[in-house]
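For the record, the sequence lines run as chains A and B.
What the first sequence shows, in the numbering used here, is residues 1 to 403, in sequence order.
What the second sequence shows, in the numbering used here, is residues 1 to 620, in sequence order.
Just so you know, the hints here were simulated from the structure itself, not pulled from any lab data.
Using N, Cα and C, we set each Cβ at its ideal position, and we do this for glycine too.
Within a straight-line C-alpha distance of at most 30 Å, the following computed DSBU-like cross-link-like pairs (lysine-lysine) qualify: (1) B:Lys152 to A:Lys110; (2) B:Lys427 to B:Lys280; (3) B:Lys179 to B:Lys368; (4) B:Lys291 to B:Lys326; (5) B:Lys526 to B:Lys306; (6) B:Lys152 to A:Lys158; (7) A:Lys38 to A:Lys232; (8) B:Lys310 to B:Lys329; (9) B:Lys291 to B:Lys280; (10) A:Lys80 to A:Lys38; (11) B:Lys326 to B:Lys368; (12) B:Lys38 to A:Lys110; (13) B:Lys9 to A:Lys110; (14) B:Lys152 to A:Lys94; (15) B:Lys9 to A:Lys158; (16) B:Lys291 to B:Lys274; (17) B:Lys526 to B:Lys291; (18) B:Lys38 to B:Lys152.
A short list of chain B residues far from chain A (calculated; beta carbon distances all over 12 Å): (19) Leu258; (20) Glu330; (21) Arg346; (22) Asp416; (23) Val513.
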Amino acid sequence: MTALDTLQPDSAARTSTEAVISVRGLTKVFTDFWGRPKARAVDTVNFEVRRGEVFGLLGPNGSGKSTTIKMLLGLLYPTKGHIEIFGHSPRHVKTKARIGYLPEESYLYKYLDSRETLDFFGNLFQLPPEQRDQRTEQLLEMVGLNQVRSRTVGEFSKGMQRRIGLAQALINDPDLVILDEPTAGLDPLGCREVKDVILALKNRGKTVILSSHLLSDVEDVCDRVVIYYGGKIQADGTLKELLTERSSVRITFPSLPREAMENILGTIRRDVAADRIQLDNPTQNLESYFLGVVNRARASEQNTSGATSGSQVAEYLRGSAEAGAQQQARVLDRLVATAPVAEVPVPVVVLPTAVEVESQKKLAALAARTVSTPEPRVEVAAKPALDEVKANEKLANLLGKPK
Amino acid sequence: MSAHFEILKHPHQGLAAVKHGFSWPAAVLGWAWAFGRKLWVPALALLVVHAVLALIATKLISENSVLLIAIGVSLQAIFGARANYLLSRAYQERGFDYRGLVPATSASDAIAKFKAVGENAPAEWRLGVAPALFNVPTDLRQILAIARLTIKAVVRYRLLPVLAVLLVLVVVGLPLMLKHDGTARALVQIIITYTLSAVTAILGLVTLWLATGTLARDVEDCSMQMVAVKPIARWQIWLGKWLGIMGLNLALLGLSGLSIYLLIQWRAASLPEKQQAILKNELLIARGSLKEVPPDLDADVEKILKERLKEIGALANGADLATVRKDVKESLKARYQAVPPKQARRWVIETGLARSQLENTPVYLRVKFRSSQYSSKPEPYETRWEIGPPNATNRVRIIRGLTTDTFHEFGVNLTDAKGMPVGEPVKGGQFKNLLDEQGRLVIVFGNPNNAALLFDLDEGLEVLYRESGFGLNFARGVGILFIWLGLLAAVGLAGASYLSFPVAAFFSIAMLVVGLSSGTIATVVKDGTFGSTNHDTGVPEGVLGAVDFIMVPIFKATHDVLTLVNSFSPIDALSTGRSVTWMTLLRAVLQIWGLIGGIFAAFGILAFTRRELATAQGKG
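Just chain A, same shape as in the assembly (with noise of 0.2 Å):
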């Protein structure tokens, strides 16, 4: 395969086409007390999500996610259309045993303690004891919370009940998890743990639905989304197909003497007009930096009295037989793990020396205009797949301001 191969759009080779949630004609009316309509929250929404895909729902606020997510869950009941999940109606009780669901809020009894929590829905899922007592230590040290399994809910911040919230989602080993803001009130090492799960998630073959604001999250974890306003879809297919700019290319490579660049840079030049080329260095994500200080001050073992670093996903989240699913496992480990700074991969934070400076100047001078943040690794890639401000830019355009 060659690097240009890599721009055309990829066909979600690890999702099947066999489909785990199906809507169509999807409507919600909500009435007032004398059954007059009130507002027409969803309107005639279709589509479908397949096994191993992870599904993003994107909109506005009071745009349908919700409302589609809580009649995906038979909580609300549809005034039209059709819901099928693993060939099921969402009411259906033994279906529910597959589906592992975050709400956007937390809205679990807050006078239970972590590990209580755990074990009342690994109860409600039938879990026998030994495999509930066993999921639950996992869980709890994969999001973090071994250390306070005696405090309740209740006395939990904002992001400690998102993890003990995802852990209860995922107690059943759910083949269809419905995430909703799964990373809303997280710090950035809880979103990376988060997404980590998500992708573990999908390398084990299972599907996700991910509701969320956070543009980012969305294009970090998903293969396809659909775009709400109105409590329609505006939009939707693979992150690819929605937001590949066909008509550029961006090359990303180590610094060269000036002499070559010029060379490159006139190769260029004798096809495409000098305002048309942007150039500049690539620098780091704010994600990255900050992980990166994080495990510093984690390596100097400061104490901490909320929660703690996720460990490694659960091990039976991870499944022993798919090589990739371990794989996908360690990006958590290489993330949080414990171990002295020099052990740890931590993720090189771009300073930028006077020789950069220097180069930096020298880039100036070469190309007029310098905006857009080039991943810091050499790659052929389609651009703009990672670039947030690009991709906020666009869903603005398609939606207007946002609420």
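Given chain A's structure and the hints, the job is docking chain B onto it.
Here is chain B on its own, set in the frame of chain A:
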């Protein structure tokens, strides 16, 4: 034998290991083990419960000692199953952190193994942890999980200890505040009637409050969403909530009942000897009741009407058949009830299966009569009784001055040690057999007064005899109260199944008020009108046609339903030493839970199943 141990670590005190699963030392040593492990609350609770059980078994109801021993052993077994969990929690509350599970043969072995792996237990050590002690069906396990959650909510919000203290204050405080006249009856009246009624009232309101709150609040704060998306049917959630509330009621009513039971035994010891004999034979006992087979008045009325119509051909112009029928019935009833001056009335009581009991235990008559002469207050009358087979030597004659409109009880076959008849039971006394050869008890009442005396057909005269001991009877009586509370829980949950908390609470209280208004409802049904009636003619006064047309049938239906619930009077039975039989208890279960409670439950579950548990956005 290898077991799993939980490893806990304290920043200063180091490592500790607690076995995972059942603890035999705890099950065998009980409170002593708990004291040794500094589990003060469980230790004290267990000690108190065992002390109470031992006291009851040795001093009070030795006849049921096997039952009490079984309860004690079960308690120890339950404690054994929970002890290590309690210990682990206690450690964590003392600042220990949970570090992992280690398979080992002893606590010290577990700590050594844990240290050997650098205090980082491998994940595979968690495998094969101790299995559950009792395997219950998974559906039931889900229901029990909801029930436990409901109980935990009440305990964690400190409602349970507050209620327990309140109930103990009522049980202990009320008898201290109310002075009695030193008689056994007054003592029982205060301790059983007032106290048990107060406890029932408190628990009734609390049950309604909890039942509406536990479901409605869970829906309102969205916690229910987390449960409803799990593979548990709505009926299981509903039933689990009900079971949880009933678990609390069981604990609280059990605690109150036990306190009342102990209190009455303790206070009885301070009564004079004569009153103690009354207490033993008339009050702290389960007495069966026999009445004369009631006449079939309606059949008699029809027979008379038929004969009269045959004689006269047809009713006179303007005569209403219903009124005639009513008049004939009243006249017949009066004939059965009234004993004219200088005349006598005979009751023949069939004893049936209770025959052997009546032959050698104390037999009492419980009578209440009215006089044909109007009086605003009870008037004394002389009454003459002859009890026993006619023309036999063991016939007993009793002459007593009794007042009108009051229940009177007197022994009819009591003798002293020498066989001489006595009015009240005495120490070493015996009991005469007054039954005839067919096992019937014949009672003749002579009215020597100048006014006619009327004995109501339903409560005019009944024969009371010893059926069984007080302990189990008291438990069965409290059991009926428990069944009532179960109905209230179902009413509260039914309201909360489709209404918000304040509205559901209002609905439940309204239902309770209707239940407590059974007297008024019965009057309306009896009079056939909302308005007043003429006392002499029984004819409605005023014009309430439309209201009566709609409301009287509703009241009649309500009355029929309430009769199913209110036809049990356990507190009255217990305070008068009457038997609450197993059959009565079973009937209460079937009528109150099976029928009325079942209707509320079916309605509640249906409403809850159809209810949308979320709204468009966030809360609510």
